[in-house]
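Asker: I would like the entire structure built from these sequences, with the hints used as guidance.
As they're listed, the protein sequences go chains A and W. All letters in the first sequence, in the order written, are residues 0 to 276 by numbering that gives the first Met the number 0. All letters in the second sequence, in the order written, are residues 0 to 367 by numbering that gives the first Met the number 0.
By construction, these hints were calculated from the structure, which means they are not laboratory data. Values in this document were obtained by computation on a predicted structure and should not be read as measured data. C-beta atoms are modelled at their ideal positions from N, C-alpha and C, and glycine is treated no differently. Some hints here could point you the wrong way.
Claimed, not checked - Label-pair distances were calculated between CB atoms; the ranges are:
#1 A:E108 <-> W:D96: 47 to 53 Å
#2 W:H101 <-> A:A36: 18 to 24 Å
#3 A:A88 <-> W:R236: 30 to 36 Å
#4 W:T308 <-> A:A75: 18 to 24 Å
#5 A:Q33 <-> W:S109: 27 to 33 Å
As the list claims (entries may be wrong) - Listed below are the simulated DSS-like cross-link pairs for lysine-lysine, each with C-alpha atoms no more than 25 Å apart in a straight line:
#6 A:K214 <-> A:K257
#7 W:K315 <-> A:K268
#8 W:K315 <-> A:K257
#9 W:K315 <-> A:K214
#10 A:K268 <-> A:K257
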Amino acid sequence: MTSPQLPWEAEVVEHVQESPTIFTLRLRFTDPEQHAAYRFAPGQFNMLYLYGVGEVPISIVSDPEDVQLFDHTIRAVGRVTQGLAKLEAGDRLGIRGPYGKGWPLELAEDRDIMIVTGGLGCAPVVSVINYIMRRRDRFRRLVIMQGVKHTDDLIWHSQYEHWSEQPETQVLVAADQGTALWPWHVGHVTDLFDQVKIDFGTALAMMCGPEGLMKAAADQLLPRGMKEEHLFLSMERSMKCAVGLCGHCQRGSHFVCKDGPVFSFADLKPLFGVRGF
Amino acid sequence: METGFLPRAGLQTLLDTLLDAGYRCIGPQLRDGAIVYDALAHAEQLPRGARDHQAPGSYRIETTDSSRHFTWANGPQALKPFLFAPRETLWRAERRDDHTIHFVETLNTSTPLAVIGARACDLAALRLQDQHFLEGLNADPFYRARRKNLFIVAVHCSHPADTCFCASTGDGPRAEQGFDIALGELDDGYLVQSGSDHGAAIVAKLNLSSATEAQLNQVGKEIEAAAKSQTRNLPSRNLREALFANLSHPRWEQVAERCLSCGNCTSVCPTCFCHSERDDAALGGENSEHVREWDSCFTQGHSYIHGVTLRDDTHKRYRQWLTHKLGSWHDQYGRSGCVGCGRCIAWCPVGIDITEEAGAICAGERHD
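Answerer: If you want it as C-alpha cells, here you go:
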C-alpha cells in the first residue's frame, strides 16, 4: 500500500511578497492527474516539504474552486519557512494533504457571520472571507474584525478597504500602536465589539490568531448571546505527521491535526486558556 | 481448548518448530545486567534463575539456582520496538539534475517474527498501540506490515517486581488474550495453551501430553500469588476527572522539582507513541531520507511552534504526560494508557513513582 505520508511534487508558479517577512506561494502539482484530483475545503492545511530540510503545516488560503493553482501564505519564521521564502517560480517542493477539518461553511449559510483574527495569523480567515465574498448571497451580514500590534502588520491593506465598501459588510480593524494616516482604531480590538451589528443569537463566528486574542473575543461574544456551538476557532499546535499518529498536537481528547484544526468553542472549552495544553 | 504440557527440554522443540515455520525468533536474554529481547535460536540463551529486583530508580538482576527461565518480571523494553521502530525512514526524496524532486516509497516487506516471553502487561500495551497505529483515521503501513507478521508466545507472570501494579490496572499477571501461544512455567516444564489458529498449528506439531490437574492448579496458584504480592496500585482505573480537576495541585510543582525531564519514562513506556520526523540529507545533496524516530513530550522541542514552546518547563511537561496517559487516553482509546508494568518507576533516574504521584494528586482536596 502507499504510505499516506508520501508527498507529491509541486511547482512554484508565482512567489508573491506580501510584506518583508510574509509571502504567498502559488502552486501546482507537477503530475496533472494529481492536480486535477486535488480537492480541499477552506480551513484545511497541507504539509509543505522543503527539499532536504523538512515539513511544515500551512493552511490553504486560495479558493477551493480556483482549480488552476492553490496558494499558501507563509511567514518566514523557522528553518523550513525561511527556506520556503527563497523559492521562486519554477522551483519544486513537496506537498501532501489536505488535512484536518475546515470551517463550518454549510452551518454558516443564511446567518450573520463574524470573523475575528489577530496578529499575523490571518491567512486561514482570509480564505474564508474571500469564499464568502464570492458567494455573497448565501450568507447574511459579515463583520470582519482584525487586531494587529503595529500598523505595519496589516497585510492586504487594500483588501480590507475593498471589503469595507461592500454591502452588508462591516470592517473593524485596530492597531495597538497607531501611525500617521492609519484609518482605523488605535487600541485593542476588543474595544470594538460594541460597534458590531449582527444578530448574536443566531450568528456564527470564525476566529484565528493568538489564543489570548481568541479568548478575549470569546469573552465578548458569549455574553452578547452567541452560542458556544456557533463559535469556531482554528488552533495551531506542533505537527509532524498531520495524520494523528505523532502525538505532538494532542490537546485533551483531540489531535488538532485530524480532529481540527477548526473546533467549536464547546469542544475546546475544558482546557481553553490553560497554559501548557 | 485443552492445555498441554511441554517438558523443559521441549522448549527447544518449540523454537525449532517456529524457525522451521519461517519465523525469526526473538526472546529474552540477560545482557549488561538487564533482561533484553534479541534474536533467539537456542533455549540456553534464555535467562536461567534470573530475578529482577526493581525499585524506584533501580533495576538489579540476581541469579538464583532456580532452573526456570521466566523468574523475572520485565526489562526496559519488550514488544514496542519490534512494531513501532525506534527509527525508520518513511520515504526518500531524490533531486535530479534538472532540480525536479521525486518521492520514493521505503516500505519493505516484513518477515514473520515470533516473540517469546511477552507478559500480560505487554499484550495490553500492544492492544493500545494497535488501536493508535491501526484503528484511527490513518493506519500506519509500517506498523501494520510488522503487526500482521507477529507471532506471540506469552508467558504468565509468576514473579512480578516490586514496581509492578498490573493487577490494579486489570492487565495481568495472567495473559488472558492477544497471544498465539501462552505458557505457564513449572519447575519441570510449561503448560501450553494456544490462543489463535496460528498458535494451534504450532502447538499441534509439539505432540504434547495433557496437563494434569495438579499442574494446572500449580500455575493458577502462582499467578494468583503474583497478583497478591503486588503492593503498588493506582487509586482508580479511571483518573480522568480527578486529574483534570486538579490541574493546579501543588504536587505538580513538587514532582517537577525532582523530574529531570529526561524522557526515560516515555522511552520505556510500552504505550507511549510520540515520534518526531526529520530529514537526513545526503552530503552531496542528491537525496534526503525522511526519518521518523521516537520522541518524548518531556523534550523542549515537542511543543515548539513558530518561536513558542508551549510547555516551557518541567511542571507543564510532567502534567502533560500524566494527564494524557491517565486522563485523556480514556477519551481517545477508551481506557487508561497505563498497563501497570512499572517500567517508568524503575528506569526513572530519580525514582519518580507514577502510582505515588497519581495518588497524591487525585486524593484529597481539589486544586482546579
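Asker: Could you run down the list of hints and mark each one as holding or not?
Answerer: Evaluated hints:
1. A:E108 <-> W:D96: 47 to 53 Å: 51 Å, holds
2. W:H101 <-> A:A36: 18 to 24 Å: 19 Å Cβ-Cβ, so the 18 to 24 Å window holds.
3. A:A88 <-> W:R236: 30 to 36 Å: Distance hint for A:A88, W:R236 is violated at roughly 59 Å.
4. W:T308 <-> A:A75: 18 to 24 Å: Given about 19 Å between the Cβ atoms, the range holds.
5. A:Q33 <-> W:S109: 27 to 33 Å: The hint (27 to 33 Å, Cβ to Cβ) holds, given that A:Q33 and W:S109 are roughly 28 Å apart.
6. A:K214 <-> A:K257: Holds. A:K214 to A:K257 sits at ~22 Å (cutoff 25 Å).
7. W:K315 <-> A:K268: 19 Å, holds
8. W:K315 <-> A:K257: 24 Å, holds
9. W:K315 <-> A:K214: Roughly 20 Å between the alpha carbons, so the hint for W:K315 and A:K214 holds.
10. A:K268 <-> A:K257: 18 Å, holds
Going down the numbered hints, you'll see the structure goes against just number 3.
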